[in-house]
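**Student:** Given chain F's structure and the hints, the job is docking chain R onto it.
Quick note, the sequences are listed as chains F and R, same order. In terms of our numbering, the first sequence is residues 1 to 137. In terms of our numbering, the second sequence is residues 1 to 344.
If you are wondering where the hints come from, they were derived from the structure by calculation, not from laboratory data. Wrong hints could be hidden among the right ones.
[To be verified] Calculated pairs, EDC-like style, for lysine to aspartate or glutamate (alpha carbon to alpha carbon, straight line, at most 20 Å):
hint: 1; chain 1: R; residue 1: 47; chain 2: F; residue 2: 58
hint: 2; chain 1: F; residue 1: 39; chain 2: R; residue 2: 142
hint: 3; chain 1: F; residue 1: 43; chain 2: R; residue 2: 142
[As the list claims (entries may be wrong)] Calculated from the model, a selection of chain R residues having no Cβ within reach of chain F, i.e. all distances over 12 Å:
hint: 4; residue: 40
hint: 5; residue: 124
hint: 6; residue: 205
Ideal Cβ placement from N, Cα and C applies to all residues, glycine included.
If you want the building blocks of each chain, they are given just below.
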Amino acid sequence: MSSPLSGDLRHADGLLVVVCGYRDGMLANSWFRAYRRLKRTVKLGGFKARVELAPVTDLPPNIDVLAVPPSLADVAHATPGVLECLVTPAEGLQQAFDQLVERLVREGPLEYGPTPGPAVAVHRGFQALTERARLFD
Amino acid sequence: MRGFQLHEPDTVAGAVELLATHGTRARPLAGGTDLVAGIMRDQVIGKGMPYPTHLVDVGAVPEMVGIRAGPEGAVIGAATTLVDIAESAAVRRWWPVLGEAAREVATSEIRAIGTLGGNLHQRPRCWFFRAKDFDCIKKGGDLCFAVKGDNRYNAILGGHLCFIVHPSDLATTLVALGAQARVASTGGDRSVWFDDYFLGPAQDLLRETVLRPDELLVEVVIPVPAPNTHQAWEKINEKDAATWDFALASVAAVMTIVDGVWQSGRIVLGGVAPIPFRAAVVEDALAGNDVRVALPEAVAEIRKIARPMRDNVYKLELVEYLIERVVIAALERGPVPVPTAEGP
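Next up, chain F with everything else stripped away, as it sits in the complex (with noise of 0.2 Å):
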């Protein structure tokens, strides 16, 4: 971990951004699932956060938390505006994850959310006429 996370987060609702990075291209299996597993566990825990996947060439801009494996440190670290970099293995991310949780909601800036409706989506055919709801969006 670097650059400990305290004080805002960088949206005004004060939105948690989570983004697992990979190279681009190459998507390992554990890394995924690790992903997944952190995406549930912010649904599960109703926090408000929002947990992202993308390529660390391609990254959605006001990152708060970036995590990354550690093939992927140099790149993760020299990304700007994150505020804290995950660097940590597949296996190890969801206990550095929960640990940043359990400090970010003890110090304040990560809250609980409100309780995410049913998720909807309507398609014509092939195509999306609504977008899929999304927890907090």
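**Tutor:** Using the frame of chain F, we list chain R on its own:
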């Protein structure tokens, strides 16, 4: 289709330099029947699968074209066309399993421009992956739509989070023949056994081979078949044989048999798993046994490891039937001759 830059290197070194420079935005191009006429035309893109903006045409690189066959084995350039492989006298005589597969790929027009490397590296078949509005795991999304959707063409073996099927007809034969891939990159060359060449979703969700974005398959090295080696290959399409279609199931069998008894060999399945799937359970059940006697029970072993989904149980029966049919066909044809310096 969006625009792209076409690069035409005339050496392998030049090609890998270009691939290293442009990373995942670059793709090697040979026949282009899948890359250009499939993936790019149909906009099969996602977060984990960027649109190729640089195509490196390796079709004119002399080191990558041609077939050299003799008593030491065969070396086939990755940019050799499928029609050249299908019509090679040496391949037809000494490695007929490869010739049969090359002859059955798609249509004669596609075989005339499609290449060995392109056939091995074509992207997988799954209609959710190929449809541009489904942001599936294989393209960097979150879901495999085949799990709850119509999964009649998806994998029954080796799927994990993603249930694509490997469509290559030639890949099964190269695994069965125990061939090796020679791979080039800016860091040097390396050889990879085809046993280890393909990656399923249990290892990597975005790649289907061990190649990194800066690596290029240059040629395929096929060993000499042992004495008493029998070979056969066959596929089953949904439509009739005269129509272009991908295999619902294919089987390549390369086996050493003496007096009807299985000594060693490989049975490799295509169209039913995310990678060319070696049916080791069937091989183990046949080992040391009279093939004709042990075959029905050996083939049923595949049921112990298969995990069919709602709509593709039929593939299990199909592949059992096909293994039996291909092994018997190989037996009845007799052993292939051992390569000699005199030529085929």
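**Student:** Against the structure, test the hints numbered earlier, and report the numbers of the ones violated in rising order.
**Tutor:** 6
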